[in-house]
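Q: Here the protein sequences come in this chain order: A and B. Under the working numbering, the letters of the first sequence match residues 1 to 140, in that order. Under the working numbering, the letters of the second sequence match residues 1001 to 1216, in that order.
The hints are simulated quantities; they were obtained by calculation from the structure and are not laboratory data. Here the structure is a predicted model, which is why all the values come from computation and not from measurement. Keep in mind that a hint or two might mislead.
[Unchecked claim] Dumping the calculated BS3-like pairs for lysine-lysine here, alpha-carbon to alpha-carbon at most 30 Å:
(1) Lys1042/B to Lys114/A
(2) Lys1158/B to Lys117/A
(3) Lys109/A to Lys1043/B
(4) Lys45/A to Lys1093/B
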Amino acid sequence: MRRLIQFTSILLILGGTILNCEKGARNLLDENEVDIEKSSSELPKIIFLNQPHPNPVSRQQDAKISSRYGLPQAMRVTLTVENVIGDVVRVLVNQQQPAGFHEVIWDTKNDAGKPVKAGVYMVHLATAAASQRKLVEIRD
Amino acid sequence: MKRIIGVLALAFVFIFPCPVSSLEPAGKFGVYGGISYIVPQKKFMRSNYDNAFSIINVDFPPVGVELGVLYRLSTSVDLMLDVGARRHILKAKDGLQHAGNLRIFPAAIVARRVWRFESGENPYAAIGSAVYWSRFSTNLIITGELDPTPLGEYGVVKNYFGIGAIGEAGLLERLSEKLYLDLGIRYDFTRLGDSQDGGLGNIGGVQFKLKTIYYF
Chain A
1 MRRLIQFTSI
11 LLILGGTILN
21 CEKGARNLLD
31 ENEVDIEKSS
41 SELPKIIFLN
51 QPHPNPVSRQ
61 QDAKISSRYG
71 LPQAMRVTLT
81 VENVIGDVVR
91 VLVNQQQPAG
101 FHEVIWDTKN
111 DAGKPVKAGV
121 YMVHLATAAA
131 SQRKLVEIRD
Chain B
1001 MKRIIGVLAL
1011 AFVFIFPCPV
1021 SSLEPAGKFG
1031 VYGGISYIVP
1041 QKKFMRSNYD
1051 NAFSIINVDF
1061 PPVGVELGVL
1071 YRLSTSVDLM
1081 LDVGARRHIL
1091 KAKDGLQHAG
1101 NLRIFPAAIV
1111 ARRVWRFESG
1121 ENPYAAIGSA
1131 VYWSRFSTNL
1141 IITGELDPTP
1151 LGEYGVVKNY
1161 FGIGAIGEAG
1171 LLERLSEKLY
1181 LDLGIRYDFT
1191 RLGDSQDGGL
1201 GNIGGVQFKL
1211 KTIYYF
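Extracted from the complex, chain A is given alone in its bound form (with noise of 0.2 Å):
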């Protein structure tokens, strides 16, 4: 009975510390961050804006960042980068999209087809209902 008693107590430790493990990791998750391979049968319930990826990313010839992002239903959807005051670097969607999960490439570079400098930009999400705004790095 003993033994019953150290046994349960030690599997509910090692429960516990799983849980808590389980927990931290999807702390670090963001409120409004979708996982759009899980998601990607039904249609998302709100407009979001994931975090960008990769983040950060070095400046080079082919570097890419991909936005994921996602319609409840058909609207007119603006995707930009802008620097850290708000000027619009580069328009990357700027048009009616139908309801679903959708992925832009931004290839770190402006609407001039020059590279951006290094430095900080915003991804900005704007719809008619919501707006939304995620950091990334470029790194030289």
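Given chain A, put chain B in place with the hints provided.
A: Chain B alone, transformed into the frame defined by chain A:
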């Protein structure tokens, strides 16, 4: 033609002798310090940033600070060298996980023409040029090559450098022979790189300034 008229007008303002100068300050040199409230010119900056206290992260009215020295070239023309500091906080809105700090440190040379009247209230106009050091700092979220899932956080700092032009007008209130109160409005045009190329563009604007000057 407009440029020629502008240059002639400036020459008139700064070279033409002052008609009344019976109430001059006591000394040739002066030191000053003061505060300023900043309204950025850019709508983007106004909507994305809050003003904040310049130097440290404390809950305090949003003001910039300014210090400087002054040399009186003549009865009506002052040459001023001033340094300042101001801070703006990137608003943590629109899904931004982390706010950022944009600190701006201008160092300016300003030439000032003062019209000295018997009343003790002396209007002035000034022009100048400045160099600017700006520092943006924030925390970012690390993501991997293939997956947007956040892996951690890191801090990042980016410096920007640029030049600017200044125009200012105001009123000098004589408090005593050596002490003056200066109430002015300054417009500064500041260029910190090309915004299309990752710079910040014009981060200048209007500043309402209040400072005290001590002559010795």
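Q: Each hint needs a verdict: does it hold in this structure or not?
A: Structure-based check of all given hints:
With a C-alpha separation of about 24 Å, the suggested pairing of lysine 1042/B with lysine 114/A holds against the 30 Å cut-off. In summary, the hint linking lysine 1158/B to lysine 117/A is supported, as the alpha carbons are separated by about 11 Å, within the 30 Å threshold. For the suggested pair lysine 109/A and lysine 1043/B, the alpha carbons sit about 24 Å apart, so the restraint of at most 30 Å is met. Only pairs whose Cα atoms come within 30 Å are accepted, and lysine 45/A paired with lysine 1093/B is accepted, the gap being roughly 21 Å.
Of the numbered hints stated above, none is contradicted by the structure.
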